[in-house]
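A.B. asks: This is what each chain is made of:
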Amino acid sequence: AQKVTQAQTEISVVEKEDVTLDCVYETRDTTYYLFWYKQPPSGELVFLIRRNSFDEQNEISGRYSWNFQKSTSSFNFTITASQVVDSAVYFCALSAQFYNQGGKLIFGQGTELSVKP
Amino acid sequence: GAVVSQHPSWVICKSGTSVKIECRSLDFQATTMFWYRQFPKQSLMLMATSNEGSKATYEQGVEKDKFLINHASLTLSTLTVTSAHPEDSSFYICSARGLGQGLTDTQYFGPGTRLTVL
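Protein chains in written order, with my numbering: chain A, 94 to 210; chain B, 179 to 296.
Keep in mind that a hint or two might mislead.
[To be verified] In silico EDC-like links for lysine to aspartate or glutamate, alpha-carbon gap of 16 Å or less:
(1) B/K192 <-> B/E265
(2) B/K233 <-> B/D243
(3) B/K219 <-> A/E103
(4) A/K96 <-> A/E137
(5) B/K219 <-> A/E205
(6) A/K197 <-> A/E119
(7) A/K197 <-> B/D283
(8) A/K163 <-> A/E205
(9) A/K197 <-> B/E237
(10) B/K219 <-> A/E119
To be clear, the hints were calculated from the coordinates, so they are not data collected in a lab.
Predicted model, so just to flag it, every value in this text is computed and none were measured.
Just chain A, same shape as in the assembly (with noise of 0.2 Å):
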């Protein structure tokens, strides 16, 4: 079975902190994908990353960093000096076995963020 937990229901911080969002994921997929997208008040989901299993290199791209472990099945984002723009709900998800299985995307149930002034 194919799952992904994001245990943060949500978060508050104070603008300028840095916030770090949990994603553990369950596959017996050797192949597959990770992602995080971004859901800000609009609705419309943002796609921020893709990591494929093979690729445990960490990432950053400006503010945001992103912690992929395979040993702990962890892949999670890191907001550097959160601003008020970050307040948004982020959705962590799993996508195995691309071609087998249609690419479908298993989601977490989501991490609201709330940034305050």
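Please arrange chain B on chain A, whose structure you already have, making use of the hints.
C.D. replies: Relative to the frame of chain A, chain B by itself:
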């Protein structure tokens, strides 16, 4: 690049009427489109997967006669909610996965359609 649009962005209809929602990939060809439903404060629930020119594959528990999906071209998929009832009120989101480098590995989402059935 990889822009997906949905129309309408919101719709209010009377119980018993049918509503059609369009999902378009604007700058790429979408071989596969997905339809999701999202309730307030909840995650996305996949309703169906649609491949161009083929019948949609519905997830367990989703009524295919109620939620009609058509994917007639590589840039357009439609979801028709037939004989809508208040319990069908929800936020419907489509996504598209396309051809070309990077596009086949990622789903790009539309802005969503908020349906309210009175």
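A.B. asks: Would you mind marking each hint as holding or not holding in the structure?
C.D. replies: Right, here's what the structure says about each hint:
Restraint check for B/K192 and B/E265: satisfied, since their Cα atoms lie roughly 12 Å apart, inside the 16 Å limit. About 12 Å separates the Cα atoms of B/K233 and B/D243, which keeps this hinted pair within 16 Å; it holds. Restraint check for B/K219 and A/E103: the C-alpha separation of about 11 Å stays at or below 16 Å, so the hint holds. Restraint check: the Cα-Cα separation between A/K96 and A/E137 comes to about 23 Å, which exceeds 16 Å; the hinted pair is violated.
Our distance criterion of 16 Å between C-alpha atoms is met by B/K219 and A/E205, whose separation comes to about 9 Å. Distance check on the hinted pair: A/K197 and A/E119 sit about 15 Å apart at the alpha-carbon level, within 16 Å; holds. The hinted pair formed by A/K197 and B/D283 meets the criterion: a straight-line CA distance of about 11 Å does not exceed 16 Å. Taken as a hint, the A/K163 and A/E205 pair is broken in the structure, with Cα atoms around 25 Å apart against an allowance of 16 Å.
Restraint check for A/K197 and B/E237: satisfied, since their Cα atoms lie roughly 11 Å apart, inside the 16 Å limit. Using a Cα cut-off of 16 Å, the hinted pair B/K219 and A/E119 is violated, with the two alpha carbons roughly 23 Å apart.
Going down the numbered hints, you'll see the structure goes against 4, 8, 10, while the others check out.
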